[in-house]
Amino acid sequence: MSATLDDNTIETTTPAWLAELQTAALKDYETTPAPTRRDEAWRYSDLSALKLDTFVEAKPVESEGRLINSSRGLDQTAAKLVFGNNALLHADTASLPAGVVVAPLDVAARDHAEIFRRYFMAQPVELGSHKYAALHKARVTGGTFIHVPANVEVTLPIEVFHWVEGENASVFPHTLIICGENSKVTVLDYFQSSDNQRAFACGVNDLHLERGAKLNYVAVQNWSPTSLAFHINSTIVARDATSSALSLNFGGGFVRGESLSRLDGEGSRSEMLSINPLDGARIVDQRTLQDHASPGASSDLLYLNSLDGTSRSIFAGLIKVEEGAHRTDAYQKVRNLMLSNDAEANSMPGLEILADDVRCTHGATSGEINEDELFYMQARGIRKEDGRRLIVNGFFQSLLERVESAPLREYLGIKVTERLGLPV
Amino acid sequence: MSLEIKDLHANIGDREILKGLNLTIPKGEVHAIMGKNGSGKSTLAKVMAGHPSYEVTSGDVLLDGESLFGLEPDQRARAGLFLAFQYPMEIPGVTIANFIRAALQARLPEGEELEAVEYYKSLYAHMDALKMPRTFTSRSVNDGFSGGEKKRCEVLQLAMLKPAYAVLDETDSGLDIDALKIVAEGVNTLRSPDTGFLVITHYQRLLNYIVPDVVHVMVDGRIVRSGGKDLALKLEAEGYDWIEKELLATA
Numbered sequence: 001m002s003a004t005l006d007d008n009t010i011e012t013t014t015p016a017w018l019a020e021l022q023t024a025a026l027k028d029y030e031t032t033p034a035p036t037r038r039d040e041a042w043r044y045s046d047l048s049a050l051k052l053d054t055f056v057e058a059k060p061v062e063s064e065g066r067l068i069n070s071s072r073g074l075d076q077t078a079a080k081l082v083f084g085n086n087a088l089l090h091a092d093t094a095s096l097p098a099g100v101v102v103a104p105l106d107v108a109a110r111d112h113a114e115i116f117r118r119y120f121m122a123q124p125v126e127l128g129s130h131k132y133a134a135l136h137k138a139r140v141t142g143g144t145f146i147h148v149p150a151n152v153e154v155t156l157p158i159e160v161f162h163w164v165e166g167e168n169a170s171v172f173p174h175t176l177i178i179c180g181e182n183s184k185v186t187v188l189d190y191f192q193s194s195d196n197q198r199a200f201a202c203g204v205n206d207l208h209l210e211r212g213a214k215l216n217y218v219a220v221q222n223w224s225p226t227s228l229a230f231h232i233n234s235t236i237v238a239r240d241a242t243s244s245a246l247s248l249n250f251g252g253g254f255v256r257g258e259s260l261s262r263l264d265g266e267g268s269r270s271e272m273l274s275i276n277p278l279d280g281a282r283i284v285d286q287r288t289l290q291d292h293a294s295p296g297a298s299s300d301l302l303y304l305n306s307l308d309g310t311s312r313s314i315f316a317g318l319i320k321v322e323e324g325a326h327r328t329d330a331y332q333k334v335r336n337l338m339l340s341n342d343a344e345a346n347s348m349p350g351l352e353i354l355a356d357d358v359r360c361t362h363g364a365t366s367g368e369i370n371e372d373e374l375f376y377m378q379a380r381g382i383r384k385e386d387g388r389r390l391i392v393n394g395f396f397q398s399l400l401e402r403v404e405s406a407p408l409r410e411y412l413g414i415k416v417t418e419r420l421g422l423p424v
Numbered sequence: 425m426s427l428e429i430k431d432l433h434a435n436i437g438d439r440e441i442l443k444g445l446n447l448t449i450p451k452g453e454v455h456a457i458m459g460k461n462g463s464g465k466s467t468l469a470k471v472m473a474g475h476p477s478y479e480v481t482s483g484d485v486l487l488d489g490e491s492l493f494g495l496e497p498d499q500r501a502r503a504g505l506f507l508a509f510q511y512p513m514e515i516p517g518v519t520i521a522n523f524i525r526a527a528l529q530a531r532l533p534e535g536e537e538l539e540a541v542e543y544y545k546s547l548y549a550h551m552d553a554l555k556m557p558r559t560f561t562s563r564s565v566n567d568g569f570s571g572g573e574k575k576r577c578e579v580l581q582l583a584m585l586k587p588a589y590a591v592l593d594e595t596d597s598g599l600d601i602d603a604l605k606i607v608a609e610g611v612n613t614l615r616s617p618d619t620g621f622l623v624i625t626h627y628q629r630l631l632n633y634i635v636p637d638v639v640h641v642m643v644d645g646r647i648v649r650s651g652g653k654d655l656a657l658k659l660e661a662e663g664y665d666w667i668e669k670e671l672l673a674t675a
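Quick mapping for you: the protein sequence lines, in order, are chains A and B. For the first sequence, position 195 matches number 195 in my numbering, and the numbering has no gaps at all. Going from the second sequence to my numbering is simple: count from 1 and add 424.
Rather than coming from a laboratory, the hints here were simulated on the basis of the structure. Given the structure is predicted, the values throughout are model-derived calculations rather than measurements. Treat each hint with caution, since some may be false.
Derived lysine-lysine pairs resembling DSBU-like cross-links, with alpha carbons at most 35 angstroms apart [unchecked claim]: (1) B:K430 to B:K555; (2) B:K545 to A:K384; (3) B:K658 to A:K384; (4) B:K430 to A:K384; (5) B:K460 to B:K545; (6) B:K443 to A:K384; (7) A:K384 to B:K586.
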């Protein structure tokens, strides 16, 4: 780390309790050893990608107007926030239902201190990136706090854009969502580079669903292709609540994703979906945990990777059924579509079952494009390269069929299609 | 103007399937090939379309005088050849609308965009004619389709792409009589002086609905008899044995 990033100047507006937390987190970061090759949580990963010494603290963005204008998502939203290099550039929360809070972290820490303190990074980071989560905790300034009170439904989605700008700039995007009992909300996070520079993003999102709540969370990650990114997620689902989280990893040079779902009540449900079109020399390293802490809950994970060039995917996932978590229904599937002989997919699905009467399925498959499908397309006049892209697109679009909202499904379908260079 | 197959020999692996096949389909005519299973009918269709599993050892296929060999399958299609598959592939996640659009887009000059409103208008009109519900446009190509739906989808593509020559490989297989009528009607409306058809079939039944100008009989990788539609009726009534006997006698 450079002196700039390690420099622990806390803004004067930060409440004392948060400043204390951040000081302790920095110490935690500094004293926690970096991952080594012997570390199971980093098996098959590229540890050389984790050198942080060239990254610097991000300066305020220069192209504020352009970034706000480029923060275009869905036509209609309940709220929209735009962050550039950790600072809030724009906020429109006028269409939110009464009682719903969508605020930048610093405001939330001041105005909603009690609930903020209860949930802010309250989950232990168990999937290998404790050190980087500590760094995030120490450095975080920008990010969103969303609280939907009990029985409130936010019909339109909430969108948040996180931009990074400048060579070797570091950003620490944060998303904290608390869904009260029987509330309902859809949140989209966009992670984008303002330029083609290499950047460092170290993001955390924590999703909390209280009894009967329903959350749809989508992360559209499009960092520059040389960037290093961490996205550390935890989702805690209470009784009868349903979480559906989808990550689209379109960019980044080395992306480490950690995703933990804890099923914390009977009838709770968590869906974990990921779409990863990999090309060039990009690496996406994903670790997941489906932690069934209570009986009668279900979790369903589906990760899809397409691998071109010399790209690499690493997946290690564990379904953990804790003692007493009877009648668990857990599913975990990773599918790799190999588009190049030089690409590599490593998949390590895992199970740990300490209860009875459970149904767990897990598996990983790797395959190439079916030549007969390709021939069929060519026989219609479609060029081979376009046919391949259509088939890859189809591979991903099949997953999007799980997105419940039709307009959102169509919108995300267009995003994927565009990413693959196909006309929409 | 014709689709001309000249002394075509083709192998799969070490086995020769087509053994010197000659056939000319002038534009505006409908030709049928009948033959028993294993006579090489489907191989002929796939070889013409350029399937990579087959090796052409000699001979040629000329589309309006230009050789198809040396062209990629997609180039052959854009040159005007269409193959309706016996077993159409299922392509999950690719909708029929997007699939046909991509095929039409591939025929436009670089930089030119297909006009979307006109496209859907034309697509819907053809779907209505084939009694395909419009919801099919957003369904994945052949994914979970019944046999009849798959064949209707092939004819829909044929209608949308308007090729100069269409080869229909066992388009009647797996169809009940109602579906067969719809598919045949779809083909019949496309009959024109600008299009040549080669209908490959195992049964005479289809030829009651798509009435051919010429019927060819294929045995062991060659065309051994050609005649009018009466030939198909004779095959239906008497089977293939008499032809094989005649062939043995002349051999």
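Distance restraint between K443 of chain B and K384 of chain A, which requires alpha-carbon spacing of 35 angstroms or less: Cα-Cα ~30 angstroms, so holds.
35 angstroms Cα cutoff - pair K545 of chain B, K384 of chain A: Cα-Cα ~28 angstroms, so holds.
Agreement of K384 of chain A and K586 of chain B with the hint, judged by alpha carbon distance not exceeding 35 angstroms: holds (21 angstroms)
Holds or violated: K460 of chain B to K545 of chain B, with C-alpha atoms at most 35 angstroms apart: violated (41 angstroms)
Hinted pair K430 of chain B and K555 of chain B, Cα distance within 35 angstroms: Not OK: K430 of chain B and K555 of chain B at ~39 angstroms, beyond 35 angstroms, violated.
Hint consistency between K430 of chain B and K384 of chain A [alpha-carbon to alpha-carbon, up to 35 angstroms]: holds (28 angstroms)
Restraint check for K658 of chain B with K384 of chain A, where alpha carbons must lie at most 35 angstroms apart: Status violated; Cα separation ~43 angstroms.
Comparing the model with each numbered hint stated earlier shows that hints 1, 3, 5 do not hold.
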